[in-house]
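**Q** Chains as they are written, first to last, in my numbering: chain A, 2 to 712; chain B, -3 to 203.
You may find that some hints are simply not true.
If you want the ones that stay clear, here's a sample from chain A, every Cβ over 10 Å from chain B, calculated [to be verified]: (1) Lys203; (2) Leu559; (3) Ala682.
Some chain A residues judged to face chain B by a derived CB distance under 10 Å, without partners named [said to hold, decoys possible]: (4) Arg28; (5) Arg31; (6) Val32; (7) Gly209; (8) Lys211.
Simulated crosslink set (DMTMM-like; lysine to aspartate or glutamate; CA at most 20 Å straight-line) [to be verified]: (9) Lys189(B) with Glu25(A); (10) Lys69(A) with Asp96(A); (11) Lys189(B) with Asp54(A); (12) Lys204(A) with Asp125(B).
For the record, the hints were derived by calculation from the structure and aren't laboratory data.
Glycine included, C-beta positions come from ideal geometry on N, C-alpha and C.
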Amino acid sequence: MSTHITPTTCPFCGVGCQIQLHVENNRIMRVTADFTMPPNYGKLCVKGRFGTDFVHHPTRLKKPLIRKDIVPGRPFGKARRARSLAEDYREASWDEALDLVADTLVAIYRESGPDSLGTYCCAKATNEDNYIFQKLFRTLFGTNNIDHCSRLCHAGSVAGLMRTIGSAAMSNSIAEMENLDTFLVTGSNTTENHPVIALSLKKAVARGAKLIVVDPRRIELVEFATLWLQQRPGTDVAVFQAMANVIVSEGLYNAEYIAQHTEGFEEYAASLAPYTPEWAEKVTGVPAAKIRQAARMYAGAKVAALYWGMGISQSTHGADNATALVNLAMLCGHIGKYGGGLNPLRGQNNVQGCSDMGGLPNVLPGYRFVTDAAERSRFEAIWGVTLNPKPGLTAVEMVHAADRGQIRAMYVMGEDPMTSEPNLNHARHALEKLDFLVIQDIFANETALYGHVILPAASFAEKAGTFTNTERRVQRVRPALPPPGEARPDLDILLDLARRLERRLGVYVQPGWNYSGPAAVWAEVGQVAPEFRGITYERLEKHGIQYPCYDENDPGTLYLFADGVPRGKGKFWPLTFQEPVETPDAVYPLNLSTGRVLYHWHGGTLTRRSVLNDIYPEPIVEINPVDAAAIPVATGDLVRIASRRGEVVARVEVTDRSPIGTIFLPFHFVEAAANLLTLDALDPAAKIPDYKNAAVAITPAEEHGWNLVLE
Amino acid sequence: MASPGATILEAARSAGITIPTVCYHDHLTANAVCRICVVEWMGSRTLVPACVAKIQPNARIYTDNERVRTARRVILEMLAATVDLSEAPELQTLLAEYGADPHRFGSDAARREHGPVKVDNPFYVRDYDKCILCWRCVQVCAEDVQFTFALGFNGRGFETSIATFFDRPMPETTCVFCGNCVGVCPTGALKGKREYLAAQGAPIGPR
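Chain B on its own, in the form it takes in the complex (with noise of 0.2 Å):
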């Protein structure tokens, strides 16, 4: 049974059944941006998010019928034709798991050019060909956590980019560093600078 207010996700983990998620994280608030968690509702128009459409009682929803592994299978492809997604495991796996064939739009018919990794402070790299928009770190970094306020989105649409104001570098911002963006970035866009460096060849020696 199903806790009043429970979100479907919620109910659907406490009946043991697996509902994937990319842009959910247990411990900060869900957004439903990415919409793989999407479910079939039976009498709702469209497919709704199960990371926040409240259960209720009685209600019909297939969590794994064929519009909704369809639905999931589309959006990891655009995912993977837009996205560097080779230092996103669970991502990878969703993707064999559904059956995802990204090359069929025709090869880097939508890669999305960031320009060069951002190495503009000490502690951590930015690597944007890598970020699927996910909006962990933007949370994060406001209300979720540090109330810092240093990350947002530029653009609009298909040129919709996570940065700082006006993309200054991380030192001009509010930025503390204190990397909790780090810590939840599912993809490596956002990644320590000493594994960067390391994953360069650089020599991690001593400092």
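Here chain A stands alone, though its shape is the one from the complex (with noise of 0.2 Å):
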């Protein structure tokens, strides 16, 4: 039996780790990684080395899929839940899915304009499916109504950051984490989410870095911190802007840095008066003296690097949270060194990639924005057609726009909003309303189920291109096994799709749509923005190089910032502190904390499909001892979690891993969607839902009605 071994990167979160492939007879059998190769230099972690397996399972989409009620030529209903794919559903040639396709997109946008259509790319796409997605709906359509999963993610660290140093990447490298002197990490649970990088951050601290963590919930980290901050949910501006009232009132901030390279010092250190940590101890819960441990362990380290996740950014206040902390960094000069900087760590596996790609409703490829007259002309005469100004809508407000009927066809590639998006019921409703809705996927999720049309795509394992990891990293993707089926990778369906409306619309896009390979796509990715132009493919071989990388001799950048911020001057932003939208009453006295454990990933679309289900098959629901009494419940009893908005069945752990008061459910199970109990109020900035902070209320079940089928 020949093993041939592919060397590739993992489709699972954004570390990016380098992995091979070893494939028997068309099987991926074993998983390993090579020492020698960054970022993960042979680490791996559960989902990497055995959760693969999911692209052999039997649910593989392999033909295209169309509503069985669609006959050619006459009109049908709109979307709805199938009862499954077998009764609804019948197999299609690939020509008479894509013209469908084509002809009812065409069809919508000749009647309703550019508005009406949305779509999702996707991060984890390649960058190459994800640069043709977004300039096939741009010069095609016209429209800017493009976004993904990273504004449910994201978000919120993307406004904050962008309007105090107008870069949202994150600015130092996992090279570097070892080697750290005071770190904080907030909002992630690193060990969990990020788990090749957590083992850096604990030899760091092994090492003898001091580690600082902000978190309501007792992390494995907080096992290895110098210091554990631990706030009441939703209260982190409250905790950050205390910190920076001691580092103002003790003069413990770096005016050097300050002087040179900020703006707004003044106005700031004013607004600070009323934020003292005696004041911040009331509304936050963590004594006051932490909280000026925290502040003189961060001013007065050499440097210090500041690392969050989704416990920051996912909020109503998420680009607050983000900004409270960019302030942190320029109070004491913390950027723009090795080992000092702002670190939002990505969570899907090319969600940095989707977004550099133009996968967002008001930037083109580079972060280059829609609005902005000069950058816009520079598309325009590369790809030879007129762009929309207007930014699109972001993805809540596209649910929120097929509701109110603006929003009628939708093209979803590789996502899965019926189980990521906030208050699924609404959701539902609105998906309902849509009169068209393009599905391109590798199985069928909840979302494809309401599909009109289902084209099947290849896995990350059997098609080409570069993934980005949270490090900036542009790593290669390379096909170790043959697709299943009429299965085709999304680059290829995307250019066959856009060679159909091309005739249909008689738009004619430079340099057309007959790419040879992601390379030649590549290629021009780096023509529109230079900061890709030294990283080629040729040299993408031996291994990843992180943007930007101007030209080829371009060795990449470790850490940004080091000649100053992109912004020209930081801004310092005076933060007002608000209470989440909801909070525990006497109905719903409980606080929902929603987020992902070690053993799934995201949607659940993947990994409930592969030998991870197998340890971790069941929704767990975590409470603490103290509320579980209160119920009472044990570990094992089953509880119905109910909120204003709907209910779920969940298993109960009761963990003191969850505060007093905060129950934490994992939002990977379809039977158990912890986003029927969110809520769909957004931050004003980041357009970014509260995945972390809403009413409920826990009564004992005495049975689950979970009935997973996956189709």
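Two chains, each in its own frame: build the complex with the hints.
**A** Now the structure itself:
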């Protein structure tokens, strides 16, 4: 039996581990890692090493599917949830399916204009897939209604970073982590969500680095922390403002950095006056002495880095949370240094790249604003078409627009809004108003069952391209297997569709839609966004390269902002503390925080279909012993969790990982979808919902009623 | 010229001299457990392990003389007499190279019995009949990589084995199933469950 080994990039989190797929008879038998290869140097986590078997799952989509009631040339009904694939769909040829998609999208576009289309590109697909996706909809239809799950993830971070320093990428690198001096981790359960990065952070502590953890949950990193600030959920701004208050009032700030690289310090410093540690103690529950200690530790460090995750971003004041962190870093000049900077840890394998490629409603590839006439005309010259100057709708806004009937057709590539959107009952009603829904995916996830057409795509192990990891490292993805059945790589599907659309619309885009492959697409990315120009497929054969990288002799960039921030001067933003939109009350007395666990991945589409599901097969809600005793429930019991928007049943784990008054429920489980409970109020700046604060009530349940059917 | 602080192994490598290793791993802490890398340092009463002993100026070291080769051959023979090395190709190569004869102690004179292969979790299996106690798995589970400390040593002397606390099944330990131990095991004692089942002839069809 012959084994061939294909080096490629892990399809799970944003760490971007380099893996080797050992394939025998078209099956992945083993996954290993090269000890000499950045960023992971031989280390892997359970998902990367054992969890890629989802690519062999029998429910992989293998043929294009069209809803049974659709007859070409005749009108058909709105989107609705299928009973099952077998009952409600028929297999079709690629020609029939893509012609139906092209005809229908063009018809709706002609009737209702570019704003009637909404699209989700994909943080799991390659840079090349996403570049072509956004180019297709921007050039052929003139719509900027393009977004992806980053909106539900780091939108708060992006908004906070853009308005203060003008760049949203993680500024330091994984290679620096083992050598950190002092670092603060907040709102990131790093050991479960970025496991291989957590190894470097633990190593740093073992080597003597000081770690400050600011988190309501007793996450594993707390065991490694020099200092743990356990704030009441949703009070992050208060903690960081109080730390800033201490730094200013005790004169611990870096006056030289502030003078040279920032603006607005005087106004900001004055605004901090009310935010004393004593005030913060009342609001956050963190003792004032600990806040002072943390402020002195962070400000007194020679160099210090900040790391954060969803706990900061996924909030109706997510932009403010991130801004508060940027303010702290600017106060102390802990930016633009080896081991010093601002680091939002990106969640999906290619969420960085999908954003870089312009998979957002307000920016073209390389974060050129659609509102910027000069940038737009540069793209227009290269692409040979006129572009829409008006920013499009964000993900949750598209759902709301569908509900109003403004968006009539949606194209969803590899995403699952029916699991990941907040307030799912509302999202479902909105989706059911769509005249046309196109799904392009490797599995029929919950959203796919609403589709009129389902297009089967190749998985990461069956196609070529690049992913960009959390530290801006562009890395190769290489095919190790043929796709199952008639499934095709996303890029092939999109280019085929574009050629059909081009003829129908009579819009011709430079240089046409006949790229020789992903390398040719990537070369065009370097043409439109020079910060990628030095990264070529040839160079990527050896190892990934971190952008910015302007020419082929440029080694890439380890850490950002050594020469100042993109905005020119960093801007201090005075902030006001706000409570979460919904807080516990007499009827719904507990706070619900949602999130992820080590063994599963986001909507669960992949990991529920892998061996990972064997060790974590059921939805588990984490409840503090005090709250459990009050209900009363014990580990293993079933409980019904209800909010004002919906209810689910989950199994109890009594643990002090959850603080008193807050329960934790992962959102991986469609049979107990946590987002039936969450609310869809949005951060005004970032348009991100709050996944960490919703008021819920818990009662014991007799039966779970779970009926998990993987289509 | 060896750099200051280099081990004998590193110095030898930079001079193009090969010293065989078994427990040593380029990216892990060296523990000098297996003693395959021993060399003769003139003036030292005993042989010294090249993976941890630091080189010194004007040292006279023999990396491949008769005394060294005899020590290595006996170590290999004892390993092969006690452990199933059928899935350890590097050790097989060394056995041949050193003319080792594991059977001279008598057949099964010192075979250790560890009971059946431990299949106690969905991800990997542990077959301690194949374990040479190289310490790599313990090391990666501890401070070298994972800081999880699920694995340690049980027993003493000839009875030593790698085990979890109280020999509990893996899901009842702190193990997070990263499999970094599997990634450094040199003898197939730790192996992905999928591969193990395939080798047993189990159909590895769709899940």
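**Q** For every hint, state whether the structure bears it out.
**A** Against the structure, the hints:
{"no.": "1", "hint": "Lys203", "in the structure": "violated, 5 Å"}
{"no.": "2", "hint": "Leu559", "in the structure": "holds, 21 Å"}
{"no.": "3", "hint": "Ala682", "in the structure": "holds, 35 Å"}
{"no.": "4", "hint": "Arg28", "in the structure": "holds, 6 Å"}
{"no.": "5", "hint": "Arg31", "in the structure": "holds, 5 Å"}
{"no.": "6", "hint": "Val32", "in the structure": "holds, 8 Å"}
{"no.": "7", "hint": "Gly209", "in the structure": "violated, 13 Å"}
{"no.": "8", "hint": "Lys211", "in the structure": "violated, 17 Å"}
{"no.": "9", "hint": "Lys189(B) with Glu25(A)", "in the structure": "holds, 15 Å"}
{"no.": "10", "hint": "Lys69(A) with Asp96(A)", "in the structure": "holds, 17 Å"}
{"no.": "11", "hint": "Lys189(B) with Asp54(A)", "in the structure": "holds, 12 Å"}
{"no.": "12", "hint": "Lys204(A) with Asp125(B)", "in the structure": "violated, 32 Å"}
In this structure, the earlier hints numbered 1, 7, 8, 12 are contradicted, and the remaining ones agree with it.
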